[in-house]
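Asks: Take a look at the letters that make up each chain.
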Amino acid sequence: MISFQDIIFKLQKFWAEHGCAILQPYDTEVGAGTSHYVTTLKALDSNYWAAAFVQPCRRPKDGRYADNPNRTQYYYQFQVIIKPAPANPQELYLDSLRAVGFDMAAHDVRFVEDDWENPSLGAAGLGWEVWCDGMEITQYTYFQQVGGINCSVIPVEITYGLERIATFMQGVESHFDINWNGKEGDQKLTYGDVLSRFEREFSCYNFDVASIDILLEHFDNYETECSRLLAHSLVMPAYEQCVKANHCFNILDARGVISVTERAGYIARVRALAKSCCQAWIESL
Amino acid sequence: MYEELLLELFSEEIPARLQRKALVDAVTTFSDVMENYNAVYDEVKSFVSPRRLTLLVRGLQPRTKSLVERKRGPSVSAAEKAVDGFLRSNDKTMDDLLKIDNYYYVDVETQTFETRDLIGDMITDFITSMPWQKSMRWYLEDQGTLSAFWVRPIRSILCVYDGTPVDVYVKSVGIRTCAHTYGHRFLAPGAIDISDFECYKEKLEAAHVILDYEKKRNYIDMEMTKKAAGFGLHVRYDDGLLDEVAGLVEYPFVHVGVIDERFMQLPSEVLSTSMKIHQKYFTMTYPDSVIAPFYGVVTNVPATEVMSEGLNRVLRARLSDAAFFYKEDLDVTLEAFAQRLSNVVFHEKLGSMAQKIDRMMSIANTKDEHRAIALCKADLLTQMVGEFPELQGTIGGIYAHVQDESAELCTAIREHYKPANASDSVPSTLLGSRISFFDKIDNLVGLLGIGIKPTGSKDPFALRRTALAVVKLLCESDGSILDSETLSWYIDTLTTAYLDQGVPLDADTDEIVKEFLVERFKTFAIDGLEIGADVVNAVVNSFEDPFSLDYRVAIEKAKRMNNITTLDGFDTVRTAYKRAAGIIGDVHVDPLQVRDVQFHDSYMMKVSDTMQVLCSGADVAFSRIIEASAAILEACDNVLMNDPDPKVRIANMYLLSKFVCVVRNEIGDLTYM
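Protein sequence lines correspond, in order, to chains X and E. Using my numbering, read the first sequence as starting at 1 and increasing by one per residue. Using my numbering, read the second sequence as starting at 1 and increasing by one per residue.
Read the hints as simulated data drawn from the structure, not as lab findings. Any given hint might turn out to be false.
What the hints assert, rightly or not - Derived contacts from chain X toward chain E, CB cut-off under 10 Å, selection only:
#	residue
1	Arg71
2	Val112
3	Asp133
4	Val156
5	Thr167
6	Asn181
7	Gly185
8	Lys188
Unchecked claim - Residues from chain X shown here face chain E by an in silico Cβ test under 10 Å; the list is partial:
#	residue
9	Pro89
10	Asp114
11	Gly125
12	Trp131
13	Gly134
14	Tyr142
These figures come from a predicted structure and were not determined experimentally. By construction, the Cβ of each residue, glycine as well, lies at the ideal position given by its N, Cα and C atoms.
Hey, can you work out the whole structure from these sequences and the hints?
Replies: In C-alpha cells:
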C-alpha cells in the first residue's frame, strides 16, 4: 500500500524528470492551485514554463465539520502546469499514474468532458475530468484564456485530487482514514490525525463564528490595497491582495450573510481586481 | 478500395454530447468542401468514437469535373483585332464565338485537377469549416504557432485514397497524414496499418473500437437488459444517458454494481438522479417498478474486482452527500424555506421569487391553490435542489409528503413544472395544472411585458418553452383550467399585480402575450402533432379573434381538419368554400332580411335543402358538408348569384354565407388552402 506522502513524492519525482520545477505551495489561502500566481500570471506570457507543486485549497462552504468522509473545506491538490503543452500530455499524465502505482489494466480510466472556467479570473479552458472507476481524480485543462486575454501559447494544467487518489489506492472509504506516513500500529499517522480537528474547528469558524464585521472590513481593505499596489506597478503583491479578498468573500458566503444580489456584486469586485492584475502583468512584460 | 477515400482525424477525447451532431456536420461539411473543389463523388459517410472522427467517401473520381465558364469579350462594334486577341487568349476560333446583347462571348472549360493532389487542401478546409459547438487551439511546436480550431488536439491523421496512402502535411494542425491508426487506448494501443475502409473497420473492431455509433448504443442497451434480467430486474430506459455512455467508450463493457443498503431509504428520485448525473449509472427496478439496490454501468475496459469495488465506493461517497442534504433539509419546514424566497431573484427587473408567489396568489381561487402556491417554490432553497437543480418540484413534493401535506397537494407541487417540453404530459391533477399555469403565465406576462423576446436561436428565459407549456396546459388539461375567467383576465390581473409591486409593464402586454401564445400553438400543432401548416392557419383564422383562441376547441378542430383534408370530397368542399366566399366578398347579409324566401330554380332549392339537413343535427357529418358543397358548386355554375332582383340576390347571398359560416366553424377558414 502506498502512503499519502509517497503519492506526493512519486508525482514530484515523475514531473521533475519531465522538466518541471518542483515548487512549494502558495502561502496564502486559495480555492485552487490555479490561483497560485505561477499558474495564472505565468500562463499569460509566451515563455517556457513548467512547475509542479502541492497546493492546499480552502473552500469554506464545503466544510462538513469532519462528518462527511469525502467533503472538506481544506484539501490538497497536486498541480502541474506546463507551457507550451508538450506533444503527448495525455500519455504523460497516464504515465504519472503508472508511476504512482496505478494498474491500468485493473481500472477504468477515462477522459470525460469538463471544460473549466473561472469567471473571477477571466480564465477558461477546454479539457476533461479524468475518471478512474467512476471517480473524478484529476482535472485536465488546456488553457485558452486568462484574465480575459487569449493565451499566446497554450499551457496544459493537470490538477490531481490527492485525497481521492489516496482513498482509491489505499482502498479506504474516508479521507480521514488515509494512511499518511505509511506506518502501521502506533506509528501510523492518518489524514484524520493531521486534519480532523482542523476541519472541525474551521467548519465552525466558517459557518458559525467568523466575525462578519471584521471580514467585511478585511475585504474592503484588501480591495483598496490591491488597487493601491497596482498604482505602484507591484503586480504580484497586488495579486496576493486580490486572492485574499476572494478568500474573505468565500468565508462570508459560507457564513450565509451574503444575499443573492450582493453575491454578484462581490464576485464582480473580485473579478475586476483579478482582471486589473492580469492586465498590469501583461503590460509589465 | 477503388475510388474510396478514407480520412480519420485521430484526436484526444471528443466530448460525448458533441459526437452525434459531429456525425451529421462532418458529412455536410466535407461534401461542401469537395464540391468547392469540383470533386465528383457518390456518397459520404461519417463515423465517430471518443478518439476519432472518420469520413468515408465512395466513388470519388480521380479527376475533378470541369465546368463551363462563359467569358465576355469585346463589344460587337469593337475592332477585328480585339476580337482576334480575345479568341487567341482563350484558345478559341470564330466558330466558338457567341453574340449576346451586343457583346462577344466564348464558353471556356475550366481546368480539371487530379483529385489526389487536392486532398491536402480539402483536409485543411474541412478542419477549418467543421462547426464544433466548442473548440480550442493548441501549440504547434514545429511552427511556433497555434493550431487551427478543433474540438480537442488532433494527434494523427489517417488518409488513404484509392488503395494508396495519401502523404500530405496539414500545416494548420502540424501533422503529416499517414496510413495507420490506433486502437483502444488501453486494450490495443499500438499502431495499426490500414489499406482501405473494410480493413479499417475490421482491424479497429479487433482492436476494441466499435465504429458504428448505433451498433455500440444498441449493444449497450441489449447487454444491460440481459444482465439486469439475470438478477430478475429491469433497466430504467434512459435515451439521453444511453447516448452519453455510448459516447464515452470506444468499446462498451456492461457491469452491474450494488447500491449500499443504507442508502435505499433515500427517495428513489434522489438515488436515480445522483447515479445518473454524477456517475452515469443506470437505475434498475424490480418488476413492480420499485427501485432495486443495483445499478448498471458501462465501462471502457472489462470490469475487475477492484474496479467493481471502486464503482460501488464512489457511489457510496456520492450518496452519503445526498443523505447529508436530505437529513439537513428535513430539519427545516417548507414554510421556513419559503420565507427565504425573498432572497431569491426571479429576474432583476421583476423582483424576487417571494413577489412572484404574491402575484400567483392574486390569480388563484381556492384554499388548496393558495397553499400549493405558498409551498411550490420552497424547494429552491433546499440543499438537495442546490445539488440537483433538475429535481426542483420533485423534491418539493417529497418534502411536502414528509411533512404530511395532502396527497393532492404533494402531487401538485411535484408536477407543477410540467409539461417540461412538447412531448411531456401535463400535470395529472387539475390543481397541479392550475399551479403550473399560474407559474408560467406569470413568467410570460412579466418577461414579455418588459420587452424581452426570443431572437433566432437565443431564448435565455425559455419563453418559447414556457409558452408551449401554457398552450399544452390549455389544450390538454381538464376543461376548467381557466376556471370561469378568460385568458385576458389572468393577464390583466397579473399586469396589475406587477404594477402594484412597482413594475410597470408594456401597455400592450395582453396582446403581446396572446399573440406569442398563438404562435406557439401553431408550432406545437405543426411540429408536435404533425398537422399541416395550412390546416393550422385555417383553423386559427376561423376564430372571430384569432388571438383569443379557445385552445381546446382549436386543437381538436385542427386534428379533425387534418384528417378531413385527406378524405375524398375535401377538394369539393374547398372549391365550394372558395367560390362561395369569393362571391359574397364583404357583403354582410342580415338573416332577418331573408325570411320566407322561396327559391324557384332547382339548383338553389337543392342548396337550400342540403343546408337544412346540414344544420339540423347537433353533429355535422362531413358527408353532409360534401353534399352541400356539391350543390353549391353546381348552383354557382348555373345560377347568377348576383341576381338583378335584390330579393333573390339577398337570398342567394344568405345561403352562401351560411355555408361559409358552417364550414368555417366545423372545419376551418379554407381561404388559403
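Asks: Taking the closest Cβ pair, is Tyr142 (chain X) under 10 Å from chain E?
Replies: This interface hint holds because 6 Å falls under the 10 Å limit.
Asks: Can the hint on Asn181 (chain X) be confirmed by a CB-to-CB distance to chain E that is less than 10 Å?
Replies: violated (23 Å)
Asks: Quick one, is the Gly185 (chain X) hint okay against chain E at 10 Å, beta carbons?
Replies: With a closest approach of 25 Å, the Gly185 (chain X) hint is violated.
Asks: Given Arg71 (chain X) as an interface hint, is its Cβ closer than 10 Å to any Cβ of chain E?
Replies: With a closest approach of 6 Å, the Arg71 (chain X) hint holds.
Asks: Minimum Cβ distance from Gly134 (chain X) to chain E below 10 Å?
Replies: holds (5 Å)
Asks: Tell me if Asp133 (chain X) is really an interface residue toward chain E, meaning its C-beta lies closer than 10 Å to one of theirs.
Replies: Hint holds; Asp133 (chain X) Cβ to chain E Cβ min 3 Å, cut 10 Å.
Asks: Let's test the interface hint: is any C-beta of chain E closer than 10 Å to that of Val112 (chain X)?
Replies: holds (6 Å)
Asks: Does the interface hint hold: is Thr167 (chain X) within less than 10 Å of chain E, judged Cβ to Cβ?
Replies: holds (8 Å)
Asks: Let me know if the C-beta of Trp131 (chain X) comes in closer than 10 Å to any C-beta of chain E, holds or violated.
Replies: holds (9 Å)
Asks: Regarding the hint that Asp114 (chain X) lies at the interface with chain E, is the smallest CB-CB distance below 10 Å?
Replies: holds (9 Å)
Asks: Can we keep the Pro89 (chain X) interface hint, with Cβ of chain E closer than 10 Å?
Replies: holds (8 Å)
Asks: Can the hint on Gly125 (chain X) be confirmed by a CB-to-CB distance to chain E that is less than 10 Å?
Replies: holds (8 Å)
Going through the hint list in order, the structure does not satisfy hints 6, 7 and 8.
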